[in-house]
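Peer 1: Keeping their order, the protein sequence lines are chains A and B. So our numbering is basically just the index in the first sequence, starting at one, shifted up by 214. So our numbering is basically just the index in the second sequence, starting at one, shifted up by 32.
Hints in this document: simulated from the structure, not taken from any laboratory. Quick reminder that beta carbons are idealized off the backbone N, C-alpha and C, glycines included. Each hint should be verified, as a subset may be incorrect.
Said to hold, decoys possible - Some chain A residues near chain B, calculated using beta-carbon distances under 7 Å: (1) G243; (2) N244; (3) Y248; (4) G257; (5) Y260; (6) H263; (7) W315; (8) A317.
Unchecked claim - Cut-off 25 Å, straight-line C-alpha distance, at most; resulting in silico cross-link-like pairs (BS3-like, lysine-lysine): (9) K96/B <-> K52/B; (10) K320/A <-> K73/B; (11) K73/B <-> K324/A; (12) K87/B <-> K52/B; (13) K87/B <-> K46/B; (14) K73/B <-> K87/B; (15) K98/B <-> K46/B; (16) K217/A <-> K73/B; (17) K266/A <-> K217/A.
Said to hold, decoys possible - Counterexamples of contact, computed for chain B against chain A with all Cβ distances above 10 Å: (18) V36; (19) P40; (20) K46; (21) T49; (22) L76; (23) T81; (24) Q92; (25) V94; (26) E95; (27) K96.
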Amino acid sequence: DAKTTQPTSMDCAEGRAANLPCNHSTISGNEYVYWYRQIHSQGPQYIIHGLKNNETNEMASLIITEDRKSSTLILPHATLRDTAVYYCIVSGMDSNYQLIWGAGTKLIIKP
Amino acid sequence: GAVVSQHPSRVICKSGTSVKIECRSLDFQATTMFWYRQFPKQSLMLMATSNEGSKATYEQGVEKDKFLINHASLTLSTLTVTSAHPEDSSFYICSAGTPLGYTFGSGTRLTVV
Chain A
215 DAKTTQPTSM
225 DCAEGRAANL
235 PCNHSTISGN
245 EYVYWYRQIH
255 SQGPQYIIHG
265 LKNNETNEMA
275 SLIITEDRKS
285 STLILPHATL
295 RDTAVYYCIV
305 SGMDSNYQLI
315 WGAGTKLIIK
325 P
Chain B
33 GAVVSQHPSR
43 VICKSGTSVK
53 IECRSLDFQA
63 TTMFWYRQFP
73 KQSLMLMATS
83 NEGSKATYEQ
93 GVEKDKFLIN
103 HASLTLSTLT
113 VTSAHPEDSS
123 FYICSAGTPL
133 GYTFGSGTRL
143 TVV
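From just these sequences and the hints, can you work out the full model?
Peer 2: Take a look at the structure:
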């Protein structure tokens with residue numbers, strides 16, 4: 215079973231910030247929080263990951279609560295091309311770890 | 033950044049034939065590659081983990097004789113769907129780990145008619 219819980223779907227207006235929540239209350243001390251997204255009929259795309267500090271890159275920001283039991287992915291200025299399914303996954307940093315995929319959040323950006 | 037190239041992107045085959053899907057790591061070496069299957073409107077389901085130079089590890093319920101995995105080099109892993117049937121029609125995706133996380137192929141849409 216997936217170790218994360220996400221809302222099934224969300225809408226966001228184009229140009230606004232999209233905030234996608236994720237609960238991972240059973241995360242262990244050595245597990246990272248990863249975010250990926252999948253645009254229809256494509257392979258998943260890496261967005262960002264973090265351990266306990268907030269992270270930002272050219273795509274998004276990741277806010278992790280102090281107790282690490284939840285996090286929020288922020289797309290600062292959503293565009294129509296950001297419409298996708300967003301997956302929050304917790305995993306060890308070892309690249310041989312399996313990723314366990316939940317259902318993700320279907321984010322629809324509306325004009 | 034690390035790129036995994038997956039081919040073909042889509043294939044249509046007749047029932048009973050075999051189809052080979054290739055995944056190459058273009059600028060890094062992948063000792064481990066993961067193979068997923070995704071049915072419409074569902075999440076990714078791990079089928080097997082391939083390890084360079086050794087036998088693949090299959091998830092419960094995945095037939096190893098039907099889904100043949102070969103990982104003969106550090107840059108190439110292949111998945112062969114043998115004796116394909118319409119129920120094997122799906123989206124197949126490979127993935128490899130890198131120091132920054134996992135990178136995925138673009139997927140192969142298999143349709144068995």
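Peer 1: For every hint, state whether the structure bears it out.
Peer 2: Status of the hints after comparison with the structure:
no.	hint	in the structure
1	G243	19 Å, violated
2	N244	15 Å, violated
3	Y248	6 Å, holds
4	G257	4 Å, holds
5	Y260	5 Å, holds
6	H263	6 Å, holds
7	W315	4 Å, holds
8	A317	5 Å, holds
9	K96/B <-> K52/B	14 Å, holds
10	K320/A <-> K73/B	10 Å, holds
11	K73/B <-> K324/A	20 Å, holds
12	K87/B <-> K52/B	17 Å, holds
13	K87/B <-> K46/B	28 Å, violated
14	K73/B <-> K87/B	31 Å, violated
15	K98/B <-> K46/B	16 Å, holds
16	K217/A <-> K73/B	20 Å, holds
17	K266/A <-> K217/A	17 Å, holds
18	V36	8 Å, violated
19	P40	14 Å, holds
20	K46	23 Å, holds
21	T49	23 Å, holds
22	L76	4 Å, violated
23	T81	7 Å, violated
24	Q92	13 Å, holds
25	V94	14 Å, holds
26	E95	19 Å, holds
27	K96	17 Å, holds
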